[in-house]
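Student: Spelled out, the chains give:
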Amino acid sequence: MDALELLTWARGPGLNIALGIFVLGVVWRLIEIYSLGRRTDLAPARQHAGASGLHTVLRRSVPPPGMLRSSPVSYIGGFVFHIGLALIVFLFAPHILLIRDLTGLSWPALPSQFIDMVTVVTLVAMVVVLVDRINKPAKRFLSTFGDWFTWAVTFLPVLTGWMAVQHLLLPYTLMLALHILSVELLLVVLPFTKLIHAFTLFGSRWYAGRINAHKGVPV
Amino acid sequence: MQGPLIDTLVRQGIGRRTFLKYCATLASMMALPPAAGRAMADALAAARRPSVIWLPFQECTGCTESMTRSHSPTIEGMIFDMISLDYHETLMAAAGQQAEEALHAAMKENSGKYLLIVDGSIPLGIDGAYSCIAGRTNVDLLKEAAAGAAAIVAMGTCAAFGGIPKAKPNPTGAVAVSDIVKDKPIVNVPGCPPIPVVMTGVLAHYLTFGSLPELDDKLRPTAFYGETIHDRCYRRPFYDQGKFAKTFDDEGARKGWCLFELGCKGPVTHNACATTKWNGGTSWPVESGHGCLGCSEPDFWDAGGFYKALSMPADPLKMGAAAAVAGAAAGVAVSFANRGKKRAAQVTHETTTLADLEK
Chain A
23 MDALELLTWA RGPGLNIALG IFVLGVVWRL IEIYSLGRRT DLAPARQHAG ASGLHTVLRR
83 SVPPPGMLRS SPVSYIGGFV FHIGLALIVF LFAPHILLIR DLTGLSWPAL PSQFIDMVTV
143 VTLVAMVVVL VDRINKPAKR FLSTFGDWFT WAVTFLPVLT GWMAVQHLLL PYTLMLALHI
203 LSVELLLVVL PFTKLIHAFT LFGSRWYAGR INAHKGVPV
Chain B
0 MQGPLIDTLV RQGIGRRTFL KYCATLASMM ALPPAAGRAM ADALAAARRP SVIWLPFQEC
60 TGCTESMTRS HSPTIEGMIF DMISLDYHET LMAAAGQQAE EALHAAMKEN SGKYLLIVDG
120 SIPLGIDGAY SCIAGRTNVD LLKEAAAGAA AIVAMGTCAA FGGIPKAKPN PTGAVAVSDI
180 VKDKPIVNVP GCPPIPVVMT GVLAHYLTFG SLPELDDKLR PTAFYGETIH DRCYRRPFYD
240 QGKFAKTFDD EGARKGWCLF ELGCKGPVTH NACATTKWNG GTSWPVESGH GCLGCSEPDF
300 WDAGGFYKAL SMPADPLKMG AAAAVAGAAA GVAVSFANRG KKRAAQVTHE TTTLADLEK
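If you read the sequences in order, they're chains A and B.
Anchor point for the first sequence: position 136 equals 158 in this note's numbering, and the numbering is continuous, going up by one each time.
Anchor point for the second sequence: position 8 equals 7 in this note's numbering, and the numbering is continuous, going up by one each time.
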């Protein structure tokens, strides 16, 4: 199998399989999580300003007072690479073409040079966050295999994509194939690892906010 | 027409200056040092015409057309005329028995020294019977001719990689020359058709240095196939700016924007079209407004649609609906199991431990 055959497989059957598992896994996990349910709280609801599902969703998107200073790498690094990932995935011209082909929806892209810069910043931020996780004893203690693994499967598509665009190390064809394969790996493991937070993030915040709002506590 | 090449060229009205210029161009195209142009000129001028045997197999004669009619008369064409082409079915006057005799005479006289050029793929299905010449199968002829060859040039994508005959479902069981011949130096000059200057470049290198040029992992001369069409494309700046033609007649197409979205395979195609161009440097496919088909790459015929952008997958949501249904079923089944577990835990008054929360 040469590079073009690998690329053809990655774009064809490989992507079919990966997207199939991804859709299957996400639907499965969401139904499983939301059907768990919670016993109804029979106590009368209390009222408190700023206590609601929506408040919590918004509030947890910004660092709580004092936290930015005590743990700047987690917050700044986290913000940078999450925003970077979103920009790269949704505003890079070839990615938009893929989405258009899949769904018929399309929107204007950012200039490739800008995306290139964002990619470098994202890669750096991810490395910094990883180093911080290794260096801080508490973080290292809390880290399981799942944390290291999900970091790797998130990092690889960004790295291989950037290397493909920059023509580094390997011929473009092979690098593009590796990029698509790494994305397929990400798609396959996403529903079954911590990466499912991409789908459950706002739901769980709403959930926590809603339960505590009933008790009159803004969280 | 015996004697050194330079005599023949002079007879055809090619001056020394023109010839030197040509050799210098050829050397620089192949990324050789400047002195190589001089060496090439000396070697080429003095060269006795090398015996060349050209075997056509499952092919369309497009490669021969490319070589002989591309933009004659040129030095390339003339050098090509000057080689001692001892056997070429399409170009030779002889036919039948005479042709076969010429082939065997050439093979015998120049045994171990002749250059074998092959165009077309070789069918292996039903014992090679899909393509026969003078009652013998292509694979048989190739093995015989390859045995006495100094080197083999696989001209065109069919000979180099199997090409269109090998396209799915490959009814004739077509294979490339390199799939059959393992013990001879092989140069692949893929393209559908290949660029004429690549052919003369390889010939000139062979005559000058007595060896084949540097090859890549697919046995293609790196001088011509070292970079992709996309790397050298004059429309590349538009790609970098994100300016793409959306249809073949929209404003972007008229302004000469990048053809990536219209299915151009330039980014994965290694060839020299963007630099050498075609028809005497007149134009090339992308310049004429059509994306690259990727004809110099293995199995280009089956590498997705010609008009589908490289980033576009074949049909990725084929399994989407089925996967969603299966996922929903799995989710419902698991949630029923979870509820059952919860109820059982309630009945037996199980307590929750810290370890449970860690799960």
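None of these hints come from the bench; they were simulated from the model.
It should be emphasised that the depicted structure is a prediction, and the values quoted were computed from it without experimental measurement.
We put the CB at the ideal spot given by N, CA and C, even for glycine.
Some hints could be false.
[Stated by the list, open to error] Some chain A residues near chain B, calculated using beta-carbon distances under 10 Å:
hint : residue
1    : Gly34
2    : Ile43
3    : Val45
4    : Leu191
5    : Pro193
6    : Pro213
7    : Leu217
8    : Phe221
Student: Against each hint, give a clear statement of whether it holds in the structure.
Tutor: These are the hints, each one checked on the structure:
1. With a least beta-carbon distance of about 4 Å to chain B, the hint placing Gly34/A at the interface is held under the 10 Å criterion.
2. Interface hint status for Ile43/A: upheld, as the beta-carbon distance to the closest one in chain B is roughly 7 Å, under 10 Å.
3. Using the Cβ-Cβ criterion of 10 Å, the hint placing Val45/A at the interface with chain B is satisfied: the shortest such distance is roughly 4 Å.
4. For Leu191/A, the shortest C-beta to C-beta distance to chain B is roughly 15 Å, which exceeds 10 Å, and the interface hint is violated.
5. Given the 10 Å rule on beta carbons, the hint for Pro193/A holds: about 8 Å separates it from the nearest Cβ of chain B.
6. The beta carbon of Pro213/A is positioned within 10 Å of a beta carbon in chain B (closest approach about 8 Å), and the interface hint is therefore held.
7. Using the Cβ-Cβ criterion of 10 Å, the hint placing Leu217/A at the interface with chain B is not satisfied: the shortest such distance is roughly 16 Å.
8. A cut of 10 Å between beta carbons decides the hint on Phe221/A: the least distance to chain B is about 12 Å, and the hint is violated.
Comparing the model with each numbered hint stated earlier shows that hints 4, 7, 8 do not hold.
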